[in-house]
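Asker: Let the hints inform the model, and build the full structure from the sequences given.
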Amino acid sequence: MIQVRELTKLYGKKQVVENVSVDIQRGQITSFIGPNGAGKSTLLSMVSRLLDADTGEVLIDSTNTKKLKSNEFSKRVSILKQSNFMNVRLTIRELVSFGRFPYSKGRLNEEDEKMVDQAIDYMDLKELENSYMDELSGGQRQRAFIAMVIAQDTDYVLLDEPLNNLDMKHSVQIMKILRRLVDELGKTVIIVLHDINFASVYSDRIVALKNGRVVKDGPTEEIIQSAALKEIYDMDIPIQQMDNCRICVYFNS
Amino acid sequence: MRDLHKMLILVGLALAACGVYLFQDLNGSFDYALPRRGVKVFAMVLTGVAIAYATVVFQTITHNRILTPSIMGLDSLYMMLQTLLIFFLGSDHITIMNKQVNFVLSIAAMIVFALLFYHLLFRKNNQPIYFLLLIGIICGTFFGSISTFLQVLIDPNEFQIVQDQMFASFNNVNSDLVWLSVIVIALLIVFAWRYNSSLDVLSLGRDTSINLGVDYDALVKKMLVLAAVLIAIATALVGPITFFGLIVANLSYQFFKSYKHSVIILGAAVISIVALVGGQWIVERVFTFNTTLSVIINFIGGVYFIYLLLKESRSN
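Sequence lines, in order, name chains A and B. First residue of the first sequence: -19, per our numbering; consecutive thereafter. First residue of the second sequence: 23, per our numbering; consecutive thereafter.
Source of the hints: derived by calculation from the structure; they are not laboratory data. Just so you know, not all the hints are guaranteed correct.
Subject to a maximum C-alpha distance of 20 Å in a straight line, what follows is the list of computed SDA-like cross-link-like pairs (lysine to any residue) [unchecked claim]:
{"#": "1", "chain 1": "B", "residue 1": "K282", "chain 2": "A", "residue 2": "R73"}
{"#": "2", "chain 1": "B", "residue 1": "K282", "chain 2": "A", "residue 2": "N224"}
{"#": "3", "chain 1": "A", "residue 1": "K(-6)", "chain 2": "A", "residue 2": "F178"}
{"#": "4", "chain 1": "B", "residue 1": "K282", "chain 2": "A", "residue 2": "D3"}
{"#": "5", "chain 1": "A", "residue 1": "K49", "chain 2": "A", "residue 2": "K85"}
{"#": "6", "chain 1": "A", "residue 1": "K94", "chain 2": "A", "residue 2": "E109"}
{"#": "7", "chain 1": "B", "residue 1": "K244", "chain 2": "B", "residue 2": "K121"}
{"#": "8", "chain 1": "B", "residue 1": "K243", "chain 2": "A", "residue 2": "Q98"}
{"#": "9", "chain 1": "B", "residue 1": "K243", "chain 2": "B", "residue 2": "Y140"}
{"#": "10", "chain 1": "B", "residue 1": "K279", "chain 2": "A", "residue 2": "N89"}
{"#": "11", "chain 1": "A", "residue 1": "K85", "chain 2": "B", "residue 2": "V134"}
{"#": "12", "chain 1": "A", "residue 1": "K46", "chain 2": "B", "residue 2": "K121"}
{"#": "13", "chain 1": "A", "residue 1": "K190", "chain 2": "A", "residue 2": "D3"}
{"#": "14", "chain 1": "A", "residue 1": "K190", "chain 2": "A", "residue 2": "Y213"}
{"#": "15", "chain 1": "B", "residue 1": "K244", "chain 2": "B", "residue 2": "V206"}
{"#": "16", "chain 1": "B", "residue 1": "K121", "chain 2": "B", "residue 2": "L137"}
{"#": "17", "chain 1": "A", "residue 1": "K85", "chain 2": "B", "residue 2": "W215"}
{"#": "18", "chain 1": "B", "residue 1": "K243", "chain 2": "A", "residue 2": "N51"}
{"#": "19", "chain 1": "B", "residue 1": "K243", "chain 2": "B", "residue 2": "H85"}
{"#": "20", "chain 1": "A", "residue 1": "K49", "chain 2": "B", "residue 2": "K282"}
{"#": "21", "chain 1": "B", "residue 1": "K279", "chain 2": "A", "residue 2": "E109"}
{"#": "22", "chain 1": "B", "residue 1": "K243", "chain 2": "A", "residue 2": "S50"}
{"#": "23", "chain 1": "B", "residue 1": "K279", "chain 2": "A", "residue 2": "L70"}
{"#": "24", "chain 1": "A", "residue 1": "K(-7)", "chain 2": "A", "residue 2": "G36"}
{"#": "25", "chain 1": "B", "residue 1": "K282", "chain 2": "A", "residue 2": "N89"}
{"#": "26", "chain 1": "B", "residue 1": "K282", "chain 2": "B", "residue 2": "D25"}
{"#": "27", "chain 1": "A", "residue 1": "K85", "chain 2": "B", "residue 2": "S219"}
{"#": "28", "chain 1": "A", "residue 1": "K196", "chain 2": "A", "residue 2": "M222"}
{"#": "29", "chain 1": "A", "residue 1": "K156", "chain 2": "A", "residue 2": "N67"}
{"#": "30", "chain 1": "A", "residue 1": "K156", "chain 2": "A", "residue 2": "Q98"}
{"#": "31", "chain 1": "A", "residue 1": "K196", "chain 2": "A", "residue 2": "D184"}
{"#": "32", "chain 1": "A", "residue 1": "K49", "chain 2": "B", "residue 2": "V242"}
{"#": "33", "chain 1": "B", "residue 1": "K333", "chain 2": "A", "residue 2": "M66"}
{"#": "34", "chain 1": "B", "residue 1": "K279", "chain 2": "A", "residue 2": "N110"}
{"#": "35", "chain 1": "A", "residue 1": "K47", "chain 2": "A", "residue 2": "M(-19)"}
{"#": "36", "chain 1": "A", "residue 1": "K46", "chain 2": "B", "residue 2": "R228"}
Here are some of the chain B residues that sit facing chain A, going by a computed Cβ distance under 7 Å [said to hold, decoys possible]:
{"#": "37", "residue": "I88"}
{"#": "38", "residue": "S219"}
{"#": "39", "residue": "S225"}
{"#": "40", "residue": "T310"}
Just so you know, even glycine gets a beta-carbon here, dropped at the ideal spot from N, CA and C.
Answerer: Structure (structure tokens):
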């Protein structure tokens, strides 16, 4: 379980994240939703130690993250940001192999190679594994980065808007893979999402932020309600039940 | 192993260059000419390795392939120090006449400056590295302007001495200093070599490196200090030559097409040995000392730099 305790982050004098406390359960997909500037990405960056919090702490399985060495941390929690800059030309396989760095420090043994193979298979990239990253489409590149995170083999996987700039087909593909990570491999996935319907259909739990605070936190069925969404987005959003999915029809509200 | 083949070719070239330089027209002068040429070759190997290493590392931590560590302003500081010494103490003073004293003084000044500079900047945590580079440029320009100002005022005869220091030269390298530098640089490289795989990760950017468990800020600091010390030693030994690193680092990237720092650094080091020893041979045999090595390096380096800029702008 990840316990976020009273995290606050200031940019200058502006409080971007204000006194946020959240518990994230193991073996679930938890989505962070909310309007632009709500502090979702900042919160995720603080949980994953990319940003230092001004006050507050994060506990991972009851250990304070400040007490974990960077390398230990990277065996338990992985984070994928939305834009991934690279200064070098790598093939997919080379990139995915970097996921084993916390274990191998660059010298891959047989087990590392096996994990890399598995991660590549899992993301369905076997045929592309020797292609260079700059020759790929946005969706393929995103899948390659997710494969790297899978190779990292952490209990917790944090993703910051992984569906950005992806078409419908690739978005669905990636969300299905995340679902399988949770259901088949027992991972815990925390994801920042913009499309509320992806959050509704794929997540177990939703945390809604607004102006740097948690406004709603609960099981998906409780949050995907017109009243709750009104509070989060200031919009009247009707909800349609389709098969087992609750779909928010926000396009003309 | 394609990389291994390429490396062997380069090492062969480097050995050939050293061999030709050492033994051409030796005419059996093993006692006089050979030791003198040997010291020069040693100094070139040493400078080449130091600058190649510093530049590759510096480019990785700044995420920029067209920067050289000279942007930190160390060369300008060196020039200012030399000019100040000659201006205030005169060219016959011990700090100029005695190579050892000058060497120690220069290194001390550059390292103290670098450490002070980093200390001030890193005291506030997580300043972006570009901030540091900008301040480096400002300091460099400041030092450069002071040097130029004093050089205008100085006695013309004294200016000759300053001018000698302005260009890197291997013609009268002190052999004691070469041995001292060999030891220091060898120790530094032994210390730094294990960070190569972490540097590979650093190429993926800050966020990904932290995700993969690299202690980003600490590594960047260590590598900055390493680059500064290597540059300081090379500059104090032969003069300002940092621009050279840009050429060899990029040639190595082009030649090896690898992301592994162990390969790139080694490649850049061997390429710089070929270039320095070969260049010095051209200076001595073709131009018969009518020009200096750093003039040739700056000329070729400048052309290559323009090529890199054009290539970068086309790829965007």
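Asker: Decide, hint by hint, whether the structure agrees.
Answerer: Hint check results:
no. : hint                  : result
1   : K282(B) with R73(A)   : 14 Å, holds
2   : K282(B) with N224(A)  : 49 Å, violated
3   : K(-6)(A) with F178(A) : 30 Å, violated
4   : K282(B) with D3(A)    : 40 Å, violated
5   : K49(A) with K85(A)    : 15 Å, holds
6   : K94(A) with E109(A)   : 14 Å, holds
7   : K244(B) with K121(B)  : 29 Å, violated
8   : K243(B) with Q98(A)   : 36 Å, violated
9   : K243(B) with Y140(B)  : 8 Å, holds
10  : K279(B) with N89(A)   : 23 Å, violated
11  : K85(A) with V134(B)   : 33 Å, violated
12  : K46(A) with K121(B)   : 50 Å, violated
13  : K190(A) with D3(A)    : 17 Å, holds
14  : K190(A) with Y213(A)  : 8 Å, holds
15  : K244(B) with V206(B)  : 16 Å, holds
16  : K121(B) with L137(B)  : 24 Å, violated
17  : K85(A) with W215(B)   : 13 Å, holds
18  : K243(B) with N51(A)   : 18 Å, holds
19  : K243(B) with H85(B)   : 14 Å, holds
20  : K49(A) with K282(B)   : 25 Å, violated
21  : K279(B) with E109(A)  : 18 Å, holds
22  : K243(B) with S50(A)   : 16 Å, holds
23  : K279(B) with L70(A)   : 10 Å, holds
24  : K(-7)(A) with G36(A)  : 17 Å, holds
25  : K282(B) with N89(A)   : 17 Å, holds
26  : K282(B) with D25(B)   : 11 Å, holds
27  : K85(A) with S219(B)   : 7 Å, holds
28  : K196(A) with M222(A)  : 24 Å, violated
29  : K156(A) with N67(A)   : 30 Å, violated
30  : K156(A) with Q98(A)   : 17 Å, holds
31  : K196(A) with D184(A)  : 14 Å, holds
32  : K49(A) with V242(B)   : 17 Å, holds
33  : K333(B) with M66(A)   : 18 Å, holds
34  : K279(B) with N110(A)  : 14 Å, holds
35  : K47(A) with M(-19)(A) : 16 Å, holds
36  : K46(A) with R228(B)   : 19 Å, holds
37  : I88                   : 12 Å, violated
38  : S219                  : 3 Å, holds
39  : S225                  : 4 Å, holds
40  : T310                  : 43 Å, violated
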